[in-house]
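Undergrad: Put the complex together from the two separate chains, hints included.
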Amino acid sequence: MHSTDWLQFALFIGLLALITKPLGIYLTQVLDVNGKTWLDPAIGPLERLTYALMGLDRRKEQDWKQYTLAMLLFSLVGIVFTYLILRYQHLLPLNPQNLPGLSDHLAFNTAVSFTTNTNWQSYGGESTMSYFSQMVGLTIHNFTSAAVGISIAAALVRGIARASATTLGNFWVDLVRTTYYLLLPICFVFALFLVSQGIVQNFKSYDTAKLVEPQAVQVAKMDASNQPLVDAAGKPVMEDKIVSEQTIVQGPMASQIAIKMLGTNGGGYVNANAAHPFENPTPLSNFVQMLSIFAIGSALTYYLGRMVKNQGHGWAVWAAMMLLFVGGVLVCAHFEAAGNPIHQALGVATADGNMEGKEVRFGIFNSSLFATITTAASCGAVNSMHDSFTAIGGLVPLFMIEMGEVVIGGVGAGLYGMLVFVVLAVFIAGLMVGRTPEYLGKKIQAYDVKMAMLSLLVLCMSILGFTAWACVSDWGLAGLNNAGPHGFSEILYAYSSATGNNGSAFAGLTANPANGDPHYNVTLGLAMLIGRFLMIVPIMALAGSLVKKKVSPPSAGTFPVSGATFTLLLIGTVVLIGALNFLPALALGPIVEHFLTAGGKLF
Amino acid sequence: MKALFSEIRGAVVSTLVFAVVLCGFYPVAVWGVSQLAFKHKADGSLIVDKDGTVRGSSLLGQAFTGEKYFHSRPSAAGVNGYDGASSSGSNLGPTSQKLNDAIKDRIAAYRSVEGLNDKDAVPADAVTASGSGLDPHISVKNAELQAGRIAKARNLSVEKVKELIAASTSKPDLGILGDASVNVLELNLALDAAK
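So the protein sequences, as listed, match chains A and B. The first sequence begins at 1 in this note's numbering and counts up one residue at a time. The second sequence begins at 1001 in this note's numbering and counts up one residue at a time.
It is worth saying that the hints were derived from the structure and are not from the lab. Every residue, glycine too, gets a C-beta built ideally from N, C-alpha and C. Among the hints, erroneous ones may be present.
Quick look at which bits of chain A chain B covers, simulated, 3 or more residues with Cβ under 8 Å [stated by the list, open to error]:
1. 27-41
2. 209-216
3. 238-252
4. 404-417
Next comes chain B alone, as it looks inside the complex (with noise of 0.2 Å):
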């Protein structure tokens, strides 16, 4: 019995001591260095205009429709897409007859608003969900497929667009990790600024 009662002694101390050790003095002392170190990323990579408001994070992905602007991917976010609140993918799976439906939309509008034939491929990331729906980034393809609508919309050449979209496009990690991706937000928020 006197075994028993120093083995529950020793878990409800041990607990208490790893929740000041791990819960307490670790986030803190994470927390510390990185905001000495790295304070804008460790804030959310906020993207902050002249007056002081906050517009986005260069993370996270933003719904753009209008004509003006590349588009985003689509987004199961929320019940509108690209709620920050709610991060989530569609989760339907490969027989789904409700994804289905929504690519054979996706695919009519994306030809008829980038003008592509009803043969054209078009880029899988144009017309699918991301995990996050807030995926903040497109294919190059699926950008350089847009660029002849922006440079008419907006005036500018498609030399000029192209320029943008390689600005606003990452290369993959150390050559080899990952793929490259343009980020929407960061490119769109270029195209304002090279009016």
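Isolated chain A (complex conformation) (with noise of 0.2 Å):
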């Protein structure tokens, strides 16, 4: 790492520790019923607007089966809302492009995809998708699933706060005043900076640029039915053409991807992501992406220790989740910029490090920093290409993911999810002194650590479950881009992203194939499903297990969830079930690739 990058990153993370207080105190705001904030005046008549027309009554509060079912209801509403408007998006206004509906399928991986946070996307967006797909089937989801993962964190965190009580807060003030006072503000903002920065926002038809120096190309050539004709040796038959125009994409992206940036959803515009210049043009636009990916699962760390009291245990909780994250950037910028000995070998600048997939203006930093991020939070937003990473570098993201997603992680999804590991922490702390595990005074028992259990269990299943289905299947193996262990580490890298809602892929791998093949679009589609709701159910569960409790006062034997000692089993019990699960499978894909690259191996 050069010394530039070192300050950039030192950067990153003091900004990040600066605005987690500030944001952490607003959230406590946002996420009151009661509670006061500064855009009370302008917003205020919206919210009231809202419950009145969904003939909602603020105040009532549900307890843990009443805040799931809601959170379902509302999940499945937006599933089919979705579908439809993605099925038939040639009879809907805003299809300058005069794009076709899309396959059942596809339409179903994406409804899913975009409802549970993950945004995986099977299509390339400016070949497929209309604005008006674009920014009402996609982009409502984009705040929603969002909120949908603050308000779960919200009522978690309520289930350890509050004691001898039954109520988790209600869903549907959660969802409204955290899209509305949280989100929306935010975005507006953040877009305006982003078009300054040169993103588009526009409702324009595709722009078509004459070349500055036309070029000779040479192209298949085509029979009659569209299909490339073949000479007599069975070789495809080529015609010269000359490439004198260039297609420009436009459409209302910077509105889109401030909150799929900001509510950690991730699914670009275009089909190269956050790595088109369109979408992230400058390295100021990336810096500003990368913090608001983090931007709110680190103030969510804030948000638990004022309420459960305890600031202290929100630090370590926000200090695991950093040195993990530390830990990842690390080690990726580092193989990174020593490349690919193979590509060095032929006359390649050892020093310029693995530029494969990446762009110039970020350079190998801010690439491997963006990987990493991407994946600790479930954003899956990616501004290089993972699947040409370098064994090692590709390996980061994706134990990044397989961990859980708990560095920081996906807006309320991170907190939650590190809020399991916590009670598994506690409990592992209590097995080891023979005492019965306390968390925040209250007890953990046998029910709680199953519920903790199940969530990651489920998680191990779908991901490893779908690979090795998809890994002995003929539809499997069709996908592939690379052959060899990199084959298996697209397949793996599929299911640990569907299954993680993350969203980032190896994208060589074709989910959505020419010849109609569901079995991708369906199965990643269950694992998004299984992914979110199945993890979801045991943890709201869990919630309503720890409401109930009643809290015992602190004694001299009472574990401490704040400080060093905390955070290092904390980080410890995530490391360790990662590993426990995934390094079999890692060591077929990465690892033994990390080693075949230095042996010079190709396939």
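TA: Shown next, in the form of structure tokens:
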């Protein structure tokens, strides 16, 4: 790493630490039904109108089952809403490119993907989605799936903070307030900043540029039915062609990209996502986008500390996240800067590192940093192609996802995922000293540990189960862009990303093949549903159990959940469980590939 | 049952209200303000020549292969590269034979076109495809290695070409963010204007 890389890294962590407290305090106001914010005069009427239309009594709280049911119903309506828009986008307005409706399995995959905050994309946006589909069918979930995540985290925190109670808040109130008071105002300002950097925001059709230097190229000749012609030897017939134009994609991008980052959604407007100069034009836009991915997740740790009246606990959780994050960045950046020895033997400058799939304006460090952030959080936007990373450089984002995306994590999802590990860490500490484990004065009992483990095992089962199925199936192998262990990594990454609700990819994998095979779209869609809802339900059950418990006063034998001992125990728990679950699979993919790269083996 | 019905009503109504606020008001408000404040950028930073023809966007790379122009990076966007309607990287991994062969060919071509020796290291960005396939930039080192060829083909002094490179170079934002980069399209347009 160069000295400027260290400076950028320090600046990033410093700014993140600085915004954690004020944004955390703001969250306590937003997530309190009677909370006062400075935006009340502007947004209060809209909030009350929304409740009135919904016929909602905002003071009525829900127990864990009612809260979960409301969340599930809302998500179901969202999936159907987007599915219908995507299927019938050719009949809807704002489709200047006259793009056709999506196939049933692609529409299913995409509707699930955006509802679950995953934003896995089996398609290229600029050639598939109308402006209406982007702006309405997809953007609505960028807001609401983020708000759902934050609401669930708030419910779990209330379950920890309250004692001898039954209710966890009201889902609808949390959803509406998070969307209106937190996400919408920040996104409005953020989107305008992004336009100032060069991201487009318009409703005109695509422009066509006349190239400065027209290019002579050879293309495959097509027959009358638009199939490539082949000669007697079976080789495609080529013809000369002059390319003299370039399509320039347009549309309402900035408004979508602001929430895509802030809400850790990650779904790109265009295929190349945040590597595309229109989605991420400058190093400054890149830096602010990275900060926005972590902003809310980081602030939620402060919210946790504030709500349980133990700010040291909030910071201890934050510190555990940051240490894991710094480790990931340093490993990833080291291997990307070291580059690929096979290519360097051919004559590529060793000092330049691995530039395949990276943009010059970001360079090695900002690409590695972005890759680690986007997978530590469950964002999944990419500013470089993870598929082309070195073996270990690509292992870091993959393992970040497989640890459960608890390093800051997705908005809300990161905190409730990490709190599961906190419960387990406390449980393990209790076992080690032979006492009934307690978390903030509440006894952790068999039911709580079962629910915590269930939410983790479901993820492991989905990732490894689907990966194994795809590896031994023709449809699974047909989608690969790389052979050898890297091909395995593409499949493993896909199901890790889908189950973890991340959405980034080793993007060489073709999940929506031209022959219409639905297997990837359907299995990835199921993995996303499992990773979202089969994780949330046990966590809500845990919240429902915790909220009923009595608090016993701290004694000399109480295990403190702040300070360095707790932070290290938490890190150990996260890494150990991640490694136990996934090390064998990783050994077959990136780890063996690392040694093969060193030996110069090609596939 | 009544409770369930009221929850379903909440789900449907909130979805519709959100659709209006988040998918209607919000993007239109961003559009309105940005069209007033940053019209050029909101419309794609288009480069338009005197007779009104769009020649490109200063943010998007174009392919250049002639000896009088600075060459862009290899591109995996579309079949022929630099296809603005299908941005993409190659997505080839570190042990890919296909990637290895492509880089080998590009290194040989680069050395021959720019007059380098067989042992000279070639800048990584010159022989690898970018993430988007539309990378508008090349590294400063890569531009400088091409300067001699351009100067000869255009009968310009190498100093003059290097001046133009410097004028098209973006320094890191705030002095530390990102890497210095040379905008190829802007540089080539400046070359055409300088003759």
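Undergrad: Of the numbered hints stated previously, which ones are contradicted by the structure, given in increasing order?
TA: Violated: hints 1 and 4.
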